[in-house]
Structures are given as C-alpha cells and as structure tokens.
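Engineer: Going down the list, the protein sequences come from chains A and B. Here my numbering is used: the first residue of the first sequence is 1, the next is one more, and so on. Here my numbering is used: the first residue of the second sequence is 1, the next is one more, and so on.
Hint data in this document are derived by calculation from the structure and do not stem from the laboratory. All values reported here derive from a predicted model rather than from experimental measurement. Glycine is no exception: its CB is placed at the ideal position from the N, C-alpha and C atoms. Treat the hints with caution; some may be incorrect.
[What the hints assert, rightly or not] Output of the computed footprint for chain B on chain A, the stretches with three or more beta carbons under 8 Å from beta carbons of chain B:
1) 25 to 32
2) 35 to 43
3) 56 to 64
[What the hints assert, rightly or not] Here are the simulated distance ranges between beta carbons:
4) A:Gly-61 to B:Thr-85: 26 to 32 Å
5) A:Ala-35 to B:Trp-34: 31 to 37 Å
6) A:Gly-22 to B:Asp-173: 34 to 40 Å
7) B:Gly-33 to A:Ala-35: 27 to 33 Å
8) B:Asp-107 to A:Ala-59: 30 to 36 Å
9) B:Arg-227 to A:Gly-55: 47 to 53 Å
10) A:Gly-61 to B:Arg-275: 21 to 27 Å
11) A:Ala-12 to B:Gly-78: 29 to 35 Å
12) A:Ala-35 to B:Glu-285: 51 to 57 Å
13) B:Pro-300 to A:Gly-22: 32 to 38 Å
14) B:Thr-6 to A:Ala-35: 50 to 56 Å
15) A:Asp-33 to B:Glu-251: 44 to 50 Å
16) B:Pro-223 to A:Asp-33: 45 to 51 Å
[As the list claims (entries may be wrong)] To spell it out: a stretch of chain B is covered by chain A in this simulated footprint if at least three of its residues, at any positions, have a beta carbon under 8 Å from a beta carbon of chain A; those stretches are:
17) 64 to 77
18) 137 to 148
19) 214 to 220
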Amino acid sequence: VAGQHGVPCQVAVEELMACGTGICFSCVVPVGDPARPGEPARMARSCLEGPVFDGAAIAWGELGHPPASTGGLGLSPQDPLAADAAP
Amino acid sequence: VTVDLTVDLCGVRLRTPVLAASGCFGFGREMAGWLDLDELGAVVTKSVSLEPRRGRPTPRMAETPSGMLNAIGLQNPGVEAFCATDLPFLADAGATVVASLVGRSADDFGRLAARLAGEPAVHLLELNLSCPNVEHRGEVFAADPGMAAEVVRRVKAAARQPVLAKLTADVSDLVAVARAVVDAGADGLTLINTLLGMAVDVHHARPRLAAVTGGLSGPAIRPVAVRCVWQVATALPGVPIVGTGGVATAEDAAELLLVGATAVAVGTASFVNPRAVVEVAAGLERYLAAHGVRSVAELPALFKAEA
Chain A
1 VAGQHGVPCQ VAVEELMACG TGICFSCVVP VGDPARPGEP ARMARSCLEG PVFDGAAIAW
61 GELGHPPAST GGLGLSPQDP LAADAAP
Chain B
1 VTVDLTVDLC GVRLRTPVLA ASGCFGFGRE MAGWLDLDEL GAVVTKSVSL EPRRGRPTPR
61 MAETPSGMLN AIGLQNPGVE AFCATDLPFL ADAGATVVAS LVGRSADDFG RLAARLAGEP
121 AVHLLELNLS CPNVEHRGEV FAADPGMAAE VVRRVKAAAR QPVLAKLTAD VSDLVAVARA
181 VVDAGADGLT LINTLLGMAV DVHHARPRLA AVTGGLSGPA IRPVAVRCVW QVATALPGVP
241 IVGTGGVATA EDAAELLLVG ATAVAVGTAS FVNPRAVVEV AAGLERYLAA HGVRSVAELP
301 ALFKAEA
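All chains should be built: construct the whole structure from the sequences, respecting the hints.
Structural biologist: Structure below.
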C-alpha cells in the first residue's frame, strides 16, 4: 500500500532470539538493497540492525516460519506477508 | 593461598583457564561492551570458512529443557573479511585468539591454515570437525577417524599455530577418533560440540527448526561433556583438552578440570549472561582458594577414581 502511494515504509520485524546481543546469529532477517534487486539478501541480525527495517529492503519471500498463532494440526497456512510478496 | 589462574595450552600461556566458546561470542566485537577481551583465557571465534556463508533460513533456534537447539548453518564473513576486520579488532583489544576453522574438505582446512599461518594475532587454531549443521553428514569429519585424521594432517602441514581438533560425542567410539587425530599431529582436543537433536512443534505438526535438526547445547549436555573429557583424558594422558558443553558456573568448570581438562570454554551461558566467561573464571579462583589449591593444573591429581 505504501509503495502504491510512494510513501516510505518502515517495518518492525524480529526472529527467535537466543542472545539479543548480536553473538548467536539466530534472529537474522533477510535484508537486501532496494537499489540492487538482483542481489541475494544478506542475513541481518534483527537484534543489532533492527528490529525496524526499510520495508522495501526485506526479502519477504525468504522470511521464515508462519506465526505460531496460525494453523493447527494439518492446517498450516503460509505467512500472509510471504504470500503477499509472492509473484 | 595465592591462586594462579594462568594455564599453558599447547605452549600458549592463557590468563585464565576459561575461554569463550566458538559460535557463542561472535568475533568479540559485540562483547567488548560487556567485558574486557584481554581478561579472558581466550576468544574462540565463530567458525571461519574460505568463502562467506549466508547460513540457514529461520527459525534457527529452539529452546529445550535446560538447553537449546541451534541451526545457524555457520554464517560467517569468510576468512579474508575475518583477517581484514575482525582479527585487527581482537588484536587491538589484547585478546588471545583461537581461530575456529570450518571447511567442506580437508583441502579447505589446509588452505585456511595456510592463510592464517602469517597472522600473528592468531594464537591457536581450532578445527571445527563436528558442526552438526552441515548439508551432508560427510562434512562431519569427526564422525570418522580416518577423515578427521586427514584434515589434521593437511592443517599441520600448513599451520604455524598449535592445532586443537574439536570433536563430537555423537560417535560410538570417541577415543578412537581422538587417538586418530592426535596420531595425525593434533596438539590438543576440544570436547565436545553440540549434540545432534530435533524438536517438533506438535500444534502445527512440523519441525521447530527450518533445518529440521540442530545442535543441542546448554546445561542439558554437560554430563555428556564431563564423560567425554574423562574418557579421553584417561585413555590419552598428557593430551591437552579444552572441555566445553553446558558450562555456566565455576562448579561446572571445575567438573571438567577435575576429570582432566586443561581449560574450559563457556558457550551457551554467554547468551544468558554476556559476562559469564569472566564470572566463571572469578568463581574458579574462589573455588581454588577455598580448597587450598594453588593452580588448576593441580586439579586432575586430586580427582578420586571412585565415588
């Protein structure tokens, strides 16, 4: 929505964290350079570089698991954000 | 009594017998705000490979009883970036550095050792022969005595620093692997790596880690580490051992030192308390003083073989 209206968008994202100090590399989020869409995203530590990122920089399709609140036994819908980002 | 905490590890004098374990201290930079890096026995770096590695997708960690599973997948900037930025930082901070190396072949390990041979800021090498978070079990070199020995031979042919081989307890005959790497020239051993584990999200009927399996660490594995150090120290007396696995307190460290470790490394505990490495060392000093022991090197002789 922000993209359609040319409004900058920042998003707060995080992953499961073991340390919160930058040493364990658990909480990484795939972040790319919006100016270089062809380059693979790098795994940025959300505890140090985030949790707020430029929304356009997040490689949404590469984000991990769906939220724990979704799905159930045999019912595991994809992360709605990831689904939106899929072409 | 006056306690002397210094120890000799493969010819390198360490300020304390308590090291920061690989993968649980980054490359030291983030921890410098919590403690002085020159206070530690040594910093064992996150494992470094020839090329940068992006690591595994998330989720990469799962909490388990008295421990955690991780499947980071060896994310690291590669050896050139390590030498250009991380190593100078560690040297400036006065850290004693154990460079942890990881590769997909014996040749990779040999090339890494050759690259670091001219880096005086690296005091020892630790070969990560046992990370469970690899794509093929064939990359867990420490699962096979012959493969592990071949890596050590290639490294020793190129290395200028003493070499520690980090082994896994996930084998049926750990002493056979330890003997093979020592015969191949390893100067010492690090025991143990994480244990291969798995956890399931039963409410969604799927693995809790993206990589499905991961390495179990924390206090849950400490008895396994104690058994392994005792077993190998008994079979191969005189071989220096860095004991690691679930050490969170001075008493935990003393367990490993009593059964024959020369030094210990604190891993997962640093995630809970960034000052764990220095606090364990301080506690060890009090423990030795309370028992009238002058040096950690005297501990193994005090260990009684029977309960």
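Engineer: Each of the hints needs a verdict: does it hold here or not?
Structural biologist: These are the hints, each one checked on the structure:
1. 25 to 32: Our answer is that it holds, as 5 residues pass the Cβ test (under 8 Å) against chain B, meeting three.
2. 35 to 43: Holds, because 3 residues of the stretch 35 to 43 of chain A bring their Cβ atoms closer than 8 Å to Cβ atoms of chain B.
3. 56 to 64: holds (count 3)
4. A:Gly-61 to B:Thr-85: 26 to 32 Å: The hinted range 26 to 32 Å holds for A:Gly-61 and B:Thr-85, with Cβ atoms some 30 Å apart.
5. A:Ala-35 to B:Trp-34: 31 to 37 Å: At roughly 35 Å between Cβ atoms, B:Trp-34 and A:Ala-35 fall inside 31 to 37 Å, so the hint holds.
6. A:Gly-22 to B:Asp-173: 34 to 40 Å: 38 Å, holds
7. B:Gly-33 to A:Ala-35: 27 to 33 Å: For B:Gly-33 and A:Ala-35 the Cβ distance comes to about 32 Å; the hint holds.
8. B:Asp-107 to A:Ala-59: 30 to 36 Å: For B:Asp-107 and A:Ala-59 the Cβ distance comes to about 33 Å; the hint holds.
9. B:Arg-227 to A:Gly-55: 47 to 53 Å: 50 Å, holds
10. A:Gly-61 to B:Arg-275: 21 to 27 Å: For B:Arg-275 against A:Gly-61, whose Cβ atoms are near 39 Å apart, the range 21 to 27 Å is violated.
11. A:Ala-12 to B:Gly-78: 29 to 35 Å: 30 Å, holds
12. A:Ala-35 to B:Glu-285: 51 to 57 Å: Once the Cβ atoms are compared, 54 Å apart, the range 51 to 57 Å for B:Glu-285 and A:Ala-35 holds.
13. B:Pro-300 to A:Gly-22: 32 to 38 Å: Because 36 Å falls inside the window, the suggested range holds.
14. B:Thr-6 to A:Ala-35: 50 to 56 Å: Given range 50 to 56 Å: holds, Cβ gap about 52 Å.
15. A:Asp-33 to B:Glu-251: 44 to 50 Å: 49 Å, holds
16. B:Pro-223 to A:Asp-33: 45 to 51 Å: 47 Å, holds
17. 64 to 77: Check passed, 4 qualifying residues.
18. 137 to 148: Coverage by chain A is violated for the stretch 137 to 148 of chain B (0 residues, Cβ < 8 Å).
19. 214 to 220: Since 0 is below three, the answer is violated.
Hints 10, 18 and 19 from the earlier list are contradicted by this structure; the remaining hints agree with it.
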